[in-house]
Amino acid sequence: MYHPTSRVLTVLELLQSKPFITGPELATRLEVDVRTVRRYITTLQDAGIPVEANIGRHGGYRLRPGFKLPPLIFTEEEATAIMLGLLGTSWLEIGQSSAAVEGALAKVSRVLPFRARDRLNAVASHLFFFSPQKDAQPDVSLLINISEAIAQQRRITLDYRSHRDQTTNRKVEPYGMIGWDGHWYLIGYCCLRQDIRTFRLDRIQQVAALEETFEREGDFDCRAYMAEKYTQGSARWRIEVEFQATLYAMQQKIPASYGTLTPTANGVLFQAEYDSIDSQARYLMSLNIPFVVHQPPELREALRRLGEQMLQIASAPLTTQVNS
Numbered sequence: 001m002y003h004p005t006s007r008v009l010t011v012l013e014l015l016q017s018k019p020f021i022t023g024p025e026l027a028t029r030l031e032v033d034v035r036t037v038r039r040y041i042t043t044l045q046d047a048g049i050p051v052e053a054n055i056g057r058h059g060g061y062r063l064r065p066g067f068k069l070p071p072l073i074f075t076e077e078e079a080t081a082i083m084l085g086l087l088g089t090s091w092l093e094i095g096q097s098s099a100a101v102e103g104a105l106a107k108v109s110r111v112l113p114f115r116a117r118d119r120l121n122a123v124a125s126h127l128f129f130f131s132p133q134k135d136a137q138p139d140v141s142l143l144i145n146i147s148e149a150i151a152q153q154r155r156i157t158l159d160y161r162s163h164r165d166q167t168t169n170r171k172v173e174p175y176g177m178i179g180w181d182g183h184w185y186l187i188g189y190c191c192l193r194q195d196i197r198t199f200r201l202d203r204i205q206q207v208a209a210l211e212e213t214f215e216r217e218g219d220f221d222c223r224a225y226m227a228e229k230y231t232q233g234s235a236r237w238r239i240e241v242e243f244q245a246t247l248y249a250m251q252q253k254i255p256a257s258y259g260t261l262t263p264t265a266n267g268v269l270f271q272a273e274y275d276s277i278d279s280q281a282r283y284l285m286s287l288n289i290p291f292v293v294h295q296p297p298e299l300r301e302a303l304r305r306l307g308e309q310m311l312q313i314a315s316a317p318l319t320t321q322v323n324s
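Sequential numbering of the sequence shown, starting at 1, is according to full-length UniProt numbering.
Hints listed in this document are in silico derivations from the structure and should not be mistaken for laboratory results. Where is the CB? At the ideal position from N, CA and C, for every residue including glycine. If a hint is listed, it holds; no wrong ones were tucked in.
Beta-carbon label-pair distances, calculated as ranges:
| hint | residue 1 | residue 2 | range |
| --- | --- | --- | --- |
| 1 | E148 | Q194 | 16 to 26 Å |
| 2 | H294 | N169 | 41 to 51 Å |
| 3 | L9 | R216 | 38 to 48 Å |
| 4 | Q194 | A151 | 17 to 27 Å |
| 5 | W237 | I178 | 20 to 30 Å |
| 6 | S109 | P317 | 53 to 63 Å |
| 7 | S109 | E148 | 23 to 33 Å |
The calculated lysine-lysine pairs, modelled on DSS-like cross-linking and capped at a C-alpha distance of 30 Å, are:
| hint | residue 1 | residue 2 |
| --- | --- | --- |
| 8 | K107 | K18 |
| 9 | K229 | K253 |
| 10 | K229 | K171 |
Given the sequences, and given the hints that come with them, work out the whole structure.
This is how it looks when you write it as structure tokens:
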């Protein structure tokens, strides 16, 4: 049996979780009649909570937009999901402020019961996320600005640096953003190239929204476009490398999105597919962990080329500057 006060709090919780809910829906969830629901709504309104009611065939209830409630109450499962999401922000490779993340974690932890708090603190103390490409993290404000332009279907201008370090100014109709193979991408129609293009967010130097609007193709699928462009449309190298390290150590080095890690008798087998064999050779060497190449043979050649380049740099004669 529910206590009437518990039912009123349940109504408040449902109103927080849904942008709009009808009286019959609330009655079904609470196992009461619609008249009793109206009484609970009145109780909330009398307590100063701005519940708006729409009367009629499609009527229902909602909290006034922009209204901020006092601290929310989470179940242990909900709090765990929130804390794991906050802890994993570095894994997403987004330049989110560490102070903002730590502040949010502290607020969630503060409202939990002692037992739940201890359990989640244990999770936070022994769960590690590693993102090797710190220099490639896009700023979170860039994500927000582009997202607003996508939602409003407004064109943007951006200065974009290519992989050859050439910077061009582009006018783009933004369709969507997607995380793919360790990077964040903007997908949209490029007015300069007059075709759909992808732009790595870490190469966008500045962006500004224009007053110009556009009509997006209704059936365009960002996920399908990326899958076709980067999986079928280009050659993929199947990489198999065995590291001489523990599984735990490699999990801290290589994000799960980069490939699969499998324990072996001698260490850990790393399997993945990549477009560029040379960039993969540089990435593997940057991990600073001994490994054996199983396949492809071209990876061995790429590592040899990389070694020769390093020897050339190390053997280059010193130049002496003469001040005139």
